[in-house]
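Fit chain B to the known structure of chain A by using the hints.
For the record, the sequence lines run as chains A and B.
Positions 1 to 406 (this note's numbering) are the ones given, in order, by the first sequence.
Positions 1001 to 1406 (this note's numbering) are the ones given, in order, by the second sequence.
These are calculated hints, taken from the structure and not from any lab test.
Some hints could be false.
[To be verified] Here chain B is said to cover these stretches of chain A; the calculated rule only asks that three of the stretch's residues, wherever they fall, bring their Cβ under 8 angstroms from a Cβ of chain B:
1) 308-314
2) 329-335
[Claimed, not checked] Under 8 angstroms between C-beta atoms, here's a sample of chain B residues computed to sit facing chain A:
3) Met1123
4) Thr1232
5) Ile1327
6) Gln1341
7) Leu1348
8) Asn1352
9) Gly1353
10) Leu1393
Idealized CB from N, CA, C, for every residue including glycine.
Number of protein chains: 2
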Amino acid sequence: MAVGLTLPEPASLFPVAGVELGVAMAGVRKANRRDLLLMRLGAESTVAGVFTRNRFCAAPVIIAKRNLAAGSGIRGLVINTGNANAGTGEDGLARATLVCEGVALSLGCAADQVLPFSTGVIMEPLPAERIVAGLAAAVADLRAHNWAVAAEAIMTTDTVPKAASRRARLAGGEVTVTGIAKGAGMIRPDMATMLSFIATDARVSRQALETLVRETADKSFNCISVDGDTSTNDAFVLVASGASGVVAQSGADLAALGAAIAEVAVLLAQAIVRDGEGATKFITIRVEGGRSVDECRRVAYAIAHSPLVKTAFFASDPNLGRILAAIGNAGIADLDVSRLQLYLDAVLVAANGGRHPDYMEDQGAAALAKPEFTVRAVLNRGQAAATVWTCDLSFDYVKINAEYRT
Amino acid sequence: MAVGLTLPEPASLFPVAGVELGVAMAGVRKANRRDLLLMRLGAESTVAGVFTRNRFCAAPVIIAKRNLAAGSGIRGLVINTGNANAGTGEDGLARATLVCEGVALSLGCAADQVLPFSTGVIMEPLPAERIVAGLAAAVADLRAHNWAVAAEAIMTTDTVPKAASRRARLAGGEVTVTGIAKGAGMIRPDMATMLSFIATDARVSRQALETLVRETADKSFNCISVDGDTSTNDAFVLVASGASGVVAQSGADLAALGAAIAEVAVLLAQAIVRDGEGATKFITIRVEGGRSVDECRRVAYAIAHSPLVKTAFFASDPNLGRILAAIGNAGIADLDVSRLQLYLDAVLVAANGGRHPDYMEDQGAAALAKPEFTVRAVLNRGQAAATVWTCDLSFDYVKINAEYRT
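Here chain A stands alone, though its shape is the one from the complex:
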C-alpha cells in the first residue's frame, strides 16, 4: 500500500566518492533475482553501526559487531536477501564466516575487515557457497552510481525501494550523504528485518562516527513502529569514506553533517513505516511537556503499539477513549491525566480528564480520514518531547502475516 511513498529517482541519488556498490543474482532462495549486494569501501573509510537488541540476534549480526569492534578498518559490506542466517547456532557463524572470507579474497583484504548482513527466512542454513560463487559477478558490477539498484537488491517484503541523498556544506567544502534501507516495518522476523546503510564522503574519525550513528538512530530508526516486534537481524551502518578530502571534525561541521545524515535517515525510517504491511495511514505521534524524553517516548509507544488504537486509525474512528487509555497504560505512575491535552492534528479533543467541550466528533473523524495525520499529547509536567512514526492495523496486516508462509 505504501502510504505516500514514491520510487526514488536514480538521478536524485548522488554517488559517494570512495564507495562502490555491485549486485548479483546468487540464487540464495530464488533464481533470477538480485539477492546479493557488495559494497567496497576506500581504504580511508571509517564505519560505525547499531544493531538489534534482540537476544536472538543472527549470526551475521554477531560477526559484524565483532569485526567492527576489532577495529582493523572495514573494507567491504556484503548483504544477502532470501536467508537471515538467524536461529542457526554455531553452524550459522561458520557459514557467515565463509562468506566474509570469500569477500576478503575478492577485495584483497582480511576476513575481519568485512561486515556481513543477511535478511530472509529464519532457521534455514545459509547457502554460503552460492553467495561466494555470486561474488565475482558482484565485483564486476561495482560502481559508484549503483545506489538505486542496490536499494532494490536488498528488498524482501518491501513494495518500494528506499533510498535518499543530501548534500551538506562544511567549512572545507561540500560533502555527500546517500543511504538505502529495507524493511516493511520490522515486523517479520523471518522475512523482513530493517537494514540501512548510509555513506558520506566526508572524513570523520571513528569516535565521532560512533556518536553520529547512535544520535542518528535515536532520531530516525528508533522512532518507528509498525507492530512493536524487533527483528533478529536489524542493523544500521554509517560509512565515512573520507574520499572527498573534506574533514568533519569541528562541532559546526559535525552538526552540519549530522543534520544531512539525519535527514536521509528520517526519510528512510519513515519510508519503512509508509511501506508497513497492510498500512493505509501514516501517523505521527508527538508527545510534549514530559519530564524526560524517555517518558515521552513511553507514552508515544504506548499509543503506537495499542492494537485498539491502530484498528481505530484504520477505521478513521476518532476513538478518544482508546487513545487516553493507552496513555494511561504507559506506566507513568504519577501521571496526572486531568492536566493532559490531546490533539488530533490541530483540533483539541480532550482536556481536564475528559472530552473538550468544544470538540465535535466530525472534526476528529475528518482528521483521521486523511492518509497522514498527527496525534499530539501534551502532558504539562515538563519540557521534554518525543516523536514516533507509526501506521494503522488493517485487515491486510492480518492477511499478510497469517498467510505468509502458507
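Structure of chain B alone, referenced to chain A:
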C-alpha cells in the same frame, strides 16, 4: 467465537449465604435490557478488591477504592453496563456518588458503604438518575439464587455469560465460593472492561481477604492477555459474607479456601480469553526455568503480545522464528538463547539456538491446528515459572474493533 466456552448451568451455581443479587432494566444506554446489578451483602461481610493500574481510571474506580479504604464495612455493590463513566472528570465523580447515595437509601446504609462499578461507553455523562430510578426494581429482585442472571446482566461485548462455583471443606465445615465475570479480553477500553465479583460465605478477616484477593488475581486475572490493552475500569472484588458461620483463619483453612477461590477465578479469567474478540484459539504460554517469576512473566507476555506470533497462531503456522524473536525481545539482557528449549505441546521444536534436528514441521502444524494448545519455553537458568493464557489475532479482531463504533 468463544473457544471451548459453554453457558454456565444455573443449577451449578451455588448461592452464597449472606449475598443477594438483583437485576433491573435501567435504560442506561438501551431500553429493554438488564443493565443494572445490585448486590446486597450481610452486615458481617468483609470485602477486598484490586483495580486497574491505568492512570485514566474511571470515576467509579476512584470511589470504590476510596470507600474500601474508609473501612466502614461494605453493604452494597452496584454495577451498570452501557456507560463506563470514564474520562468524565469531576462531573463523573459527582454522578457516581449520586448512584452510591441512591443505593445507600435503598439498602439502609451509608453512601461510603457502597462500591460502584461501571462498564460501557467512555467519555459520556453517566445517566445517574436513570440508574437511581432503576434501583427499586433491582431491590425487589434481590435473591441468593440470582448468580446466572447477574452474570448475564453485566455482559457488554461478551458472547457468553461467565460464572462458576466451588465448595471447600474447612475445619469448621463446608463453605461456598461463587463468582461472575465479564470481559471479552480487556480489549475495548470504551465498551469492555474486565469486572469480576467472587463471594464466599466463609468468615474471613479483612486483612486475610486482602491477601487472598491479591494472590488470587496474580494467579488468574493477571495472567491473561488478549491484546495487552488494559481498561480504565478493571476491577476484581472478593466478598466474604461470613454467613456460613465457618471461620477461615488458620493457614490450612485459608489455603483450602484460597484454592477454591483460585479455581473459580482461573475459570473466569480463562473464560474471558476464550471469549476474546475474534479468538479462534485458546493458548497456554508456560515459561519455566527462569531466575524469577517476573522474568518468566515478561517472556510469556512478550510471546502473548506479539501480533506476529498471534497471527501465526491464527493461521496454525508453527512459525518458530516469530516465537524465538519474541522471546529475544522480552528485555532480559543476559538471556542465553542457546540454552533455551521450546515446545509446542509435547514436541521439542527448538534447542541450542536453532531448530531441533528431530523436529518435523508437520508436528508443529498439527499442534497449532487444535483449538487449544500450549507453548512451553524452558529458559534453563533458574527454578521459577509462570503461565499466561492468551488467544490468537484474527481477521475478526480487526473487523470487530475497526467497525465497532461505526
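Verification of the hints:
no. : hint    : verdict
1   : 308-314 : holds (count 4)
2   : 329-335 : holds (count 5)
3   : Met1123 : 5 angstroms, holds
4   : Thr1232 : 5 angstroms, holds
5   : Ile1327 : 7 angstroms, holds
6   : Gln1341 : 13 angstroms, violated
7   : Leu1348 : 14 angstroms, violated
8   : Asn1352 : 5 angstroms, holds
9   : Gly1353 : 4 angstroms, holds
10  : Leu1393 : 6 angstroms, holds
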